[in-house]
Amino acid sequence: MIEYRDIHKAYDAPVLSGVSLRVDPGECISIVGPSGTGKSVLLKTTNGLLRPDQGDVFIEGESVFGSGRRTLERIRRKVGYVFQYAALFDSMSVYENVCHGLPEEEARRRSPEVLRRVCEALEDVNLEPAQILNDLPAKLSGGMRKRVGLARAIVGRPRIVLYDEPVTGLDPVNSAVVSLLITEIQERLKVTSVVVTHDIEQALGISQRISLLDRGKLRFVGTPGEFRESQDPVVRAFANRQAAADMAVKIMEEP
Amino acid sequence: MAKNGLRGLLRALGRATGSVGGHTGGMVVLLWRIGEATMRGRVSLREVVSQAYFIGVKSIPLVCVTGLLSGLVTSQQGGYQFTGSVPLYVLGSVVTSSVILELGPVMTAFVLIGRVGARITAELGTMKVSEQIDALYSLGRDPVPVLAAPRLIAGIFSTPLLVGMANTVGLFAGLVAARATMGLGPESFLYGARLFWHNWDLLYSLSKGLAFGFIIPLISCHMGFRTGGGAEGVGRATTSSVVIMIIAVLVLDALFPPLFLN
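So the protein sequences, as listed, match chains A and B.
If you're matching positions, the first sequence starts at 1 in my numbering and goes up one per residue.
If you're matching positions, the second sequence starts at 1 in my numbering and goes up one per residue.
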């Protein structure tokens with residue numbers, strides 16, 4: 001379970017202003033919202049990559065920001081993180097990249113068991129290990145890089161997986177593949193998932209709940225059905241292309 | 001007008017002091033964390049060896065070329081100045097002292113700043129802006145033992161050896177140049193070299209190498225970890241890193257004589 005309690009974060013201007021949200025075990029929740037409203041910032045507070053100015057995050061009851069470095073490292077191992085552009089280590093092969101998702105002591109051993117787990121994680125994301133294991137990330141396509149990033153996030157069998165814009169920059173087919181993988185991993189590994197995305201179709205297709213972040217606050221939290229039927233103009237602009245076009249015209253006409 | 005100028009100067013001075021303080025503090029913290037990670041055995045020996053290969057072995061050709069040219073130029077210019085005024089065998093002493101006390105360590109440091117320091121900052125900076133450092137954190141790994149510690153340890157061990165190599169090549173080149181251009185035989189050159197030789201000089205030279213081998217990776221890692229702002233930020237961080245490394249090497253070099261030659 002993840003619990004965000006009263007998260008505040010500001011850079012030059014406030015980005016998050018008192019966000020509180022609870023994500024239940026085994027649930028998949030998507031966070032959508034206009035660009036620059038702090039979706040990725042909120043996601044990065046989950047495993048302590050960003051420290052909020054105020055508030056705390058609790059992972060299975062443990063405080064992320066009230067604990068020491070060792071505890072934080074332990075919490076982080078429970079949480080897999082899929083980065084927007086995969087963030088694979090350029091100088092390392094696919095095998096070494098995925099290996100980094102295993103606990104340090106285990107990864108150093110380079111035993112047949114480690115190889116088996118790396119291959120299994122790559123197969124979980126529909127990649128053929130024999131073909132890419134020794135390749136450097138530069139040799140892979142955008143979709144494959146994303147999937148290797150996903151394999152690295154799940155190889156250590158985390159309880160939670162965080163996805164930061166998982167389909168950004170992908171063609172429709174690869175986007176659909178990644179969406180299917182998120183659902184498959186969710187069901188097979190029984191993980192809790194938080195997906196930050198701009199792709200509302202993806203969010204509606206994979207999530208049990210959707211939350212909409214607007215100007216640093218949660219404007220809506222509900223099921224995909226409730227999202228579609230909401231009368232809130234900002235929610236409607238996200239759920240419906242015509243409403244989005246109408247809102248865009250209104251914004252352009254503002255002085 | 002004069003008041004505004006003074007205010008501007010004071011403001012710039014304040015900013016510079018703040019910046020120096022920030023960098024110094026950041027490097028002290030980084031050094032502490034490297035020391036802690038090393039003591040706890042969290043640094044991979046394989047990675048240290050790999051970095052030593054990159055910093056040490058791969059720098060050998062360039063270090064030899066700069067050593068060679070330093071020796072050649074010192075010998076020829078010294079010979080030009082001494083001809084007709086000072087006994088030529090003194091050239092052996094001048095070349096030995098110049099190369100061992102100054103040119104060997106400093107030229108090696110400059111080679112390492114360009115070849116190693118700039119690359120480390122650009123590499124870590126790129127990792128930072130492409131979220132690879134965040135990825136390490138998110139996987140429960142601390143980037144300091146994984147990235148910074150092996151580079152620092154490799155720098156500390158490799159640089160004195162490179163300085164020793166630059167010294168040897170420089171002296172040999174000086175000896176050959178003295179023979180070729182001044183007609184000074186190797187026996188006379190070595191006689192001159194021995195005349196003012198102190199064993200301490202060699203230790204002094206290698207100690208400079210040790211200090212430079214410590215400061216170059218430390219600054220470059222610190223600047224790499226602080227990078228932000230995309231590709232432009234990586235360029236800016238690399239340039240700043242090179243400037244800071246050059247100044248740090250020259251300041252350390254200036255501190256050596258009053259500390260160790262009195």
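FYI, nobody ran anything at the bench for these hints, they're computed from the structure.
Certain hints may be false.
Said to hold, decoys possible - Partial selection, computed: residues in chain A whose CB lies under 10 Å from chain B: (1) A13; (2) N47; (3) R74; (4) A86; (5) Y95; (6) E104; (7) L140.
To be verified - Quick list of the computed label-pair ranges, beta carbon to beta carbon: (8) B:D253 - A:M92: 32 to 40 Å; (9) B:R40 - A:M252: 39 to 47 Å; (10) A:R22 - B:G233: 33 to 41 Å; (11) A:N126 - B:G41: 47 to 55 Å; (12) A:K139 - B:K58: 35 to 43 Å; (13) A:R188 - B:R115: 46 to 54 Å; (14) A:N240 - B:T24: 33 to 41 Å; (15) A:R70 - B:G22: 21 to 29 Å.
Since the structure is predicted, the reported quantities are computational estimates derived from the model, not experimental observations.
Where a beta carbon is used, it is the ideal one built from N, C-alpha and C, also for glycine.
Outcome of the hint check:
With a cut of 10 Å, the hint placing A:A13 at the interface with chain B is violated, because the nearest CB-to-CB distance is about 18 Å. The interface hint given for A:N47 holds, since its Cβ lies 6 Å from the closest Cβ of chain B, which is under the 10 Å cut-off. A distance limit of 10 Å between C-beta atoms decides the matter here; for A:R74 the minimum to chain B is near 7 Å, and the interface restraint holds. Below 10 Å, beta-carbon pairs count as interface contacts, and A:A86 has one with chain B at about 9 Å; its hint therefore holds.
Nearest Cβ of chain B to the Cβ of A:Y95: about 15 Å, over the 10 Å cut. The hint is violated. About 7 Å separates the beta-carbon of A:E104 from the nearest beta-carbon of chain B, less than 10 Å, and the hint is met. A distance limit of 10 Å between C-beta atoms decides the matter here; for A:L140 the minimum to chain B is near 15 Å, and the interface restraint is violated. At roughly 37 Å, the beta carbons of B:D253 and A:M92 sit within the given window of 32 to 40 Å.
Range check, B:R40 to A:M252: about 58 Å between beta-carbon atoms, so the 39 to 47 Å window is missed. Checking the proposed 33 to 41 Å range against A:R22 and B:G233 shows it holds: the Cβ atoms sit about 37 Å from each other. At about 38 Å, the beta-carbon gap between A:N126 and B:G41 misses the expected band of 47 to 55 Å. The hint said 35 to 43 Å for the Cβ distance between A:K139 and B:K58, and at roughly 24 Å that hint is violated.
For A:R188 and B:R115, the hinted distance range of 46 to 54 Å is satisfied, since their beta carbons lie about 48 Å from each other. The given range of 33 to 41 Å is broken by A:N240 and B:T24, whose C-beta atoms sit roughly 56 Å from each other. The beta-carbon spacing between A:R70 and B:G22, approximately 27 Å, falls within the hinted interval of 21 to 29 Å.
The structure does not agree with the numbered hints 1, 5, 7, 9, 11, 12 and 14 stated previously, though it agrees with the rest.
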